[in-house]
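A.B. asks: Each chain, letter by letter, is given below.
Protein chains: 2
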Amino acid sequence: MSSQPSHPALLIPGPIEFDDAVLQSMSHYSESHVGAPFVATFGETLSMLRKLFQTTDPASQPFVISGSGTLGWDLVAANLAEPGDDVLVLHTGYFADSFADCFETYGVKATQLKAPIGSRPQLPEIEKALKEKKYKLLTVTHVDTSTGVLSELNALSELVHKVSPETLVIVDGVCSVGCEEIEFDKWQLDGCITASQKAIGCPAGLSISMYSGRAIKTFQSRKSPPGSYFASFKNWLPIMQNYEAKKASYFATPSPQLIHALHTSLTQILSKPLSERFEVHRQTSQRIKKAVTDLGLRQLASDSADQANGMTAIYLPQDIKAPELLPNLLKKGVIFAGGLHKEIATKYIRFGHMGVSVTDPKRDDIDRAIKALETGLSDAGYQKA
Amino acid sequence: MSSQPSHPALLIPGPIEFDDAVLQSMSHYSESHVGAPFVATFGETLSMLRKLFQTTDPASQPFVISGSGTLGWDLVAANLAEPGDDVLVLHTGYFADSFADCFETYGVKATQLKAPIGSRPQLPEIEKALKEKKYKLLTVTHVDTSTGVLSELNALSELVHKVSPETLVIVDGVCSVGCEEIEFDKWQLDGCITASQKAIGCPAGLSISMYSGRAIKTFQSRKSPPGSYFASFKNWLPIMQNYEAKKASYFATPSPQLIHALHTSLTQILSKPLSERFEVHRQTSQRIKKAVTDLGLRQLASDSADQANGMTAIYLPQDIKAPELLPNLLKKGVIFAGGLHKEIATKYIRFGHMGVSVTDPKRDDIDRAIKALETGLSDAGYQKA
Numbered sequence: 001m002s003s004q005p006s007h008p009a010l011l012i013p014g015p016i017e018f019d020d021a022v023l024q025s026m027s028h029y030s031e032s033h034v035g036a037p038f039v040a041t042f043g044e045t046l047s048m049l050r051k052l053f054q055t056t057d058p059a060s061q062p063f064v065i066s067g068s069g070t071l072g073w074d075l076v077a078a079n080l081a082e083p084g085d086d087v088l089v090l091h092t093g094y095f096a097d098s099f100a101d102c103f104e105t106y107g108v109k110a111t112q113l114k115a116p117i118g119s120r121p122q123l124p125e126i127e128k129a130l131k132e133k134k135y136k137l138l139t140v141t142h143v144d145t146s147t148g149v150l151s152e153l154n155a156l157s158e159l160v161h162k163v164s165p166e167t168l169v170i171v172d173g174v175c176s177v178g179c180e181e182i183e184f185d186k187w188q189l190d191g192c193i194t195a196s197q198k199a200i201g202c203p204a205g206l207s208i209s210m211y212s213g214r215a216i217k218t219f220q221s222r223k224s225p226p227g228s229y230f231a232s233f234k235n236w237l238p239i240m241q242n243y244e245a246k247k248a249s250y251f252a253t254p255s256p257q258l259i260h261a262l263h264t265s266l267t268q269i270l271s272k273p274l275s276e277r278f279e280v281h282r283q284t285s286q287r288i289k290k291a292v293t294d295l296g297l298r299q300l301a302s303d304s305a306d307q308a309n310g311m312t313a314i315y316l317p318q319d320i321k322a323p324e325l326l327p328n329l330l331k332k333g334v335i336f337a338g339g340l341h342k343e344i345a346t347k348y349i350r351f352g353h354m355g356v357s358v359t360d361p362k363r364d365d366i367d368r369a370i371k372a373l374e375t376g377l378s379d380a381g382y383q384k385a
Numbered sequence: 001m002s003s004q005p006s007h008p009a010l011l012i013p014g015p016i017e018f019d020d021a022v023l024q025s026m027s028h029y030s031e032s033h034v035g036a037p038f039v040a041t042f043g044e045t046l047s048m049l050r051k052l053f054q055t056t057d058p059a060s061q062p063f064v065i066s067g068s069g070t071l072g073w074d075l076v077a078a079n080l081a082e083p084g085d086d087v088l089v090l091h092t093g094y095f096a097d098s099f100a101d102c103f104e105t106y107g108v109k110a111t112q113l114k115a116p117i118g119s120r121p122q123l124p125e126i127e128k129a130l131k132e133k134k135y136k137l138l139t140v141t142h143v144d145t146s147t148g149v150l151s152e153l154n155a156l157s158e159l160v161h162k163v164s165p166e167t168l169v170i171v172d173g174v175c176s177v178g179c180e181e182i183e184f185d186k187w188q189l190d191g192c193i194t195a196s197q198k199a200i201g202c203p204a205g206l207s208i209s210m211y212s213g214r215a216i217k218t219f220q221s222r223k224s225p226p227g228s229y230f231a232s233f234k235n236w237l238p239i240m241q242n243y244e245a246k247k248a249s250y251f252a253t254p255s256p257q258l259i260h261a262l263h264t265s266l267t268q269i270l271s272k273p274l275s276e277r278f279e280v281h282r283q284t285s286q287r288i289k290k291a292v293t294d295l296g297l298r299q300l301a302s303d304s305a306d307q308a309n310g311m312t313a314i315y316l317p318q319d320i321k322a323p324e325l326l327p328n329l330l331k332k333g334v335i336f337a338g339g340l341h342k343e344i345a346t347k348y349i350r351f352g353h354m355g356v357s358v359t360d361p362k363r364d365d366i367d368r369a370i371k372a373l374e375t376g377l378s379d380a381g382y383q384k385a
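Those sequence lines, one after another, are chains U and Z.
At position 263 of the first sequence (counting the first as 1) the number is 263 in the UniProt record's numbering, and the numbers step up by one without a gap.
At position 256 of the second sequence (counting the first as 1) the number is 256 in the UniProt record's numbering, and the numbers step up by one without a gap.
No lab work stands behind these hints: they were computed from the structure.
A quick note: this is a predicted structure, and the numbers were derived from the prediction, not measured.
Footprint (simulated), chain Z over chain U, 3 or more residues, beta carbon under 8 Å: (1) 13-26; (2) 102-112; (3) 194-203; (4) 216-228; (5) 254-268.
The C-beta atom is built at its ideal place from N, Cα and C for all residues, glycine as well.
Next comes chain U alone, as it looks inside the complex (with noise of 0.2 Å):
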């Protein structure tokens, strides 16, 4: 049994639920920073995510920072990409549009190439702009927590490598990295940034990212500084080697609470092969994506290949919309998100299912979800055409 209060189960894109000994990781009692057990912790996390995205080359870079998943834009924007340069970055929702506008922030610009609502950009319109124009880097929003849409990065990483092989490839993997297969050195990534609170498990705060040995040079290689002083490498760099090495080191305070829940996360996930993980989320989405189908629904993403593992954004019947639905299924006992996509924002909800929702058997939280969808549509008048 959870030792957590009785609550509404979130079944949003993001936080999600957390795991009981996670948790209580976050009260852990007081240390310093630079204290030798802190500095352990902080390391083994940092060792521990080369794992999680299957990492085994030492030049690869792990950084945990104190930000929000947003904070990785700002890391990306402004030490791999310098004033002037032309990035392109693959359109699938909303968080391109945001992506784009923190490149424009730091003089970078960015050229975006969109697909229509629940696609996403295809490979021979990606090799044609590639072509067409020398980008520094290409930017694609693995999962889109705003549609659902998932991406492919490995036909899409060869793509680069083969027509612009100076591009770096960096994936907003804020809705993906430890729900979805992401091989870091065997798809030649170059960024992958994320945030603690979706399928990772641990509460929000956390900024996670790696980088390529690859993108670590071309932020060397730098002629100008970076645009940014929190989010500069060139201050995080050496405190983040040197925590891995057990070292104590100061650039600013990191939180050893957040990272203390982000320790157990990962050593739980860790704990089990990540195919294993990957194929619980894979199984429990396709019960899920079958169960709205059988109602009589569909999902943004139409193509059941650009179909995200870890969410379901799914349209609703024509005469009932989102603000009305979601306050009964909390009443049910669910929290579902509503839609983000300006266009269509109340024409549409999203239903998270990621992390303990899924792989821990002790809790029903999928399937009460389900049931939750159902009779809240039957309460609100919907029936099956």
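Since the structure of chain U is provided, determine the placement of chain Z on it from the hints.
C.D. replies: Structure of chain Z alone, referenced to chain U:
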């Protein structure tokens, strides 16, 4: 009795020891960052910060953002100054150098006014500097964590308003907010940045700051866009205003657990008159400083008017070095910090006395620390001359 496992008393100048209820709030079950319960908690937290800073001016604006205290420098440098602007940085130790670095990152020209170690720039020289050049803003480290030097804010702000009324008065209050008197309105301050893990008594991971209506207007009349994305007022201002008005809003995911802990901590702080809190910090500081003097030791801050009330930076006897003394103090159950000021780092130690270690009569941290210091020095062969 504390519900925390037995552990050495953390008496460094932040992070500090935390109250049981604050740590328990860190384990709060997962909530949606845009759900009504958390929106209420966040909104109340922002409103309580107004009381902590003693501001009733509705134009004042609190910010709470996932990040470390360092992020506060970016907030100031990227929003309140523009590239090419001159700013005056009063230097009392390590942190002014870093703040100046941060300004330079955003193209802002930082002029440092330095004082000898253990002292602070004096009003006549500040007046002279303000008359020589037009500064967009002036920064002062209220308590310099590297030296324990306390700056006097009220007279300083009066001087700035008299000599250079358009110059914004910005306080780095990372090591002062919650243990040193700050009257934001009365002293006509324009900005005060701090962090959660010091005298506010909440685990690290939150950048906390307050700005005057005048500062917000300065931001709003910028000619250039803010130089940072994650630290942009443009992105955060509507979010903070919405949360305080109890309206859900999204730019980046806040950390509900840290916000709950901050809410608990602020509720505790505001349950008594602030004047009592500052007085008990002053009295405890006096007691510690007397014990230090009785031991025949000197402080970095030689003038008692320049001595912080939440920490004491203590020169060690000539033949005792911090890296030898500190491990012995740890064995006695007390964690002090080593020196941070590069020129003299091994020659002094820092004793933090903020928050529950000072205010909770059930704790004996301070007595144990004084005793440990006495016996630790004696163990090292020190005898008072």
